[in-house]
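Peer 1: Using the hints provided, position chain B relative to the given structure of chain A.
Protein chains: 2
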Amino acid sequence: MSLDAVLARIDADLPASLDRLFDLVRLKSISADPAFFADVRAAAEWCVRELAALGFEASLRETPGQPMVVAHWRGAVKNPAVRALVYGHYDVQPVDPLNLWHADPFDPKIETRDGVTVVTGRGSADDKGQLLTMIEAMRALIAVDGALPVNVTVLVEGEEESGSPSLEGFLEANAEELSCDVAFICDTNMWARGRPAITGSLRGLVGEEVVITCADRDLHSGLFGGAGWNPIRVLTRILGSLHDDHGRVTLPGFYAGVEDLPETVRASWETLGASPEVMLAPVGLQTPAGEKGRGLLEQLWTRPTCDINGITGGYTGDGFKTVLPSKASAKVSFRLVAGQDPAAIRLAFRNRVEEMLPPDAVAEFHPHGGSPGIALPFDSPWLVKGLAALEAEWNVPAVVIGCGASIPIVGAFQRLLGMPSVLVGFGLDDDRIHSPNEKYDLESFHKGTRSWARIFAGLAG
Amino acid sequence: MSLDAVLARIDADLPASLDRLFDLVRLKSISADPAFFADVRAAAEWCVRELAALGFEASLRETPGQPMVVAHWRGAVKNPAVRALVYGHYDVQPVDPLNLWHADPFDPKIETRDGVTVVTGRGSADDKGQLLTMIEAMRALIAVDGALPVNVTVLVEGEEESGSPSLEGFLEANAEELSCDVAFICDTNMWARGRPAITGSLRGLVGEEVVITCADRDLHSGLFGGAGWNPIRVLTRILGSLHDDHGRVTLPGFYAGVEDLPETVRASWETLGASPEVMLAPVGLQTPAGEKGRGLLEQLWTRPTCDINGITGGYTGDGFKTVLPSKASAKVSFRLVAGQDPAAIRLAFRNRVEEMLPPDAVAEFHPHGGSPGIALPFDSPWLVKGLAALEAEWNVPAVVIGCGASIPIVGAFQRLLGMPSVLVGFGLDDDRIHSPNEKYDLESFHKGTRSWARIFAGLAG
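If you read the sequences in order, they're chains A and B. If you use the working numbering, the first sequence corresponds to residues 5 to 465, in order. If you use the working numbering, the second sequence corresponds to residues 5 to 465, in order.
The shape of chain A in the complex, shown without the other chains (with noise of 0.2 angstroms):
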């Protein structure tokens, strides 16, 4: 293989490329809307016949909702001992308010914006585009050598922007058939334009209601205030308590597990310029609110937290009560790193709760998820390879950054089938992916798909 070949035959079939986005963005494969149910089975089968033409072993698979793309390469030439899977999804966010589109999402062109060449539709970027930059790099890998340097499996969805109420039983019904030593996700953002990007990790979540109740009814505090229990009083004595001064949450063992940033990615990230100027600014915000002596980007993508996202007790409306509430009530999140373990975090704030109630306090819980953080090792080979791939195509240094929230796909690959994931995306913060005049860079999709050429060719060494 000449991995330079690869690339020549991407620049040469570029147009013949943005064709078949087109045809793909074409297909109005809303999953969300029942109206266009037909749509997003086209969809599924379009990715069938594309993987199929290509040589793989593709098949449209039923599942309870919109069916799944699972598509084989087995005759890899370089190294078939590597097992890859990739996946993507072909469903749609819905379009409207649609009198906001500058036009039709559903009919693609190349158009000028800012200066930038882009490519216009509903699934441009999300996740159309992205899936295409994966497809049609193994597409000239396959033009030019005949064959995958490493086995492949594509898995493509239909509910991604559902909820993928399907996903995991389909994954854990077929996990032989689907479990690869290491999956590719071409659904999330490089840094910045010109700056690519692997998402090495994600943070998990705990989330815990607690109400807390004392007296069996309202009271009023001119009859009780002082000797009745007030459960606000309960509530935010504990919430209160959750963080000490240096904004660490003060849980026993709740950092237990968590690793410091290795000090070649905190240098790589202080090149990001992402100051509180950038990043809190925008909303009004000025200063980090995590940890002392942590960086921003560390506090967001590699700081486990401790949030209340909602909390509620006696009278909220106009003007004044003076009532002693029964019950109060809050719901409390916990953003997780790799290493921590959700069920002891959710018991050590319970714990908390608990040892913090008066003798006339009862605690109720009722939990809300619980997942775990999710990291790549740095020293990672997937990570590794990956990084000098972009570096290679973008000439500039690739970096490893992390993603606050959960992205379900990765967890279930992780939970279900024990496989790694490397996230990969070209998208952009103004892609306005979810939003009317939804677009995807040309060079996005172009050096996208040229990224992944180099990447794949780097998975046989």
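Because identical chains cannot be distinguished in the list, a pair is counted as satisfied if it fits within a single copy or across any two copies.
With a straight-line cut-off of 30 angstroms between C-alpha atoms, the simulated DSS-like cross-links for lysine-lysine are:
| # | residue 1 | residue 2 |
| --- | --- | --- |
| 1 | LYS331 | LYS296 |
| 2 | LYS389 | LYS82 |
| 3 | LYS451 | LYS389 |
| 4 | LYS82 | LYS451 |
| 5 | LYS296 | LYS325 |
| 6 | LYS32 | LYS451 |
| 7 | LYS32 | LYS113 |
| 8 | LYS113 | LYS451 |
Rather than coming from a laboratory, the hints here were simulated on the basis of the structure.
Peer 2: Just chain B now, kept in the frame of chain A:
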């Protein structure tokens, strides 16, 4: 004057006194309902007629709402230097739900309820029965002696059950005419059946709503969690700081001016049997929430409090939303005792909030009410004489009790007329005031009248 003759007169006149109470209860003086406007006025006119017939210089005085009844007795025989104001109200609460009454609320009767002889009907206790205990006592004093022992001004209001909208203006406009040495108010309860009481202290109130704003919009905790300030975290940390481990309020200077309970009073309260089992268990509580080492009644009556009456922020519906809200707010109130300065308490709270705000949070304050606590000194002659009179009548030590709430008329008399109030009432917790089937014990009416004769007689000495 022979007090025995006066008391004998009250006994002999009881049937006629009851007839007069029935006459007044029959007047449907519901001040809250405009449909009863004429009935309310008729009750005022009834009071004027009765007081004029006793020899008072009585008049109906117009206000923007219902009229005031003002009557003066200027020809005291014993000690004309003493001027006492007597206050009650002639209006009553609405009667709905009418279907829960066992009989017409405005057709009073004598009946036996749970073995106790009672007068039934709306206003039988609140406040027509209580008001007439004062007027019937004066009637007997005048009948026997030809005059009252001290000079008396009677003020009877017709909007007490509607928030007294005309009262303060009337007091201000007629301050000189109405200012006396002391006010006697008959609109409160005994400690228990057979155990007379004077309410010697009322708590004041400072209400304050605080709104904390961090970011200028709601944020996603996956994108900002850890680095973005969360106003619920800020608010709960502040509110959680307001009490120490001993239940004391931690605001600097909060207890300045607060006096300790005299040992004699503490001892008398210990005779009242006000255990947590009696006071708290009925509402599902067990242990007093206030300052450790202080009795339950002390916590309710003579110690200041801090309570959070309402709190809200973020997502409070079903399920979970990982939002970092822009705002969170709480309604905080302080029940104050005599000696505390409401303005200083409000300022101390605001200072605490400001001191604990991180740089990215802004607090807004909305004041709601501010009234000082009020207390008769435990050695006040009015109080001492009143207790002696009650003890003589009821053959049991009378007790100085407190009230954990404010009574607006007492504050208005103090603030606008510089006049202390002595609250003597013969209501009982089971009188069902404001509810269907209101009643007043016949004993409360009869011995209440005799009690007032003793109190008024005692004022001259």
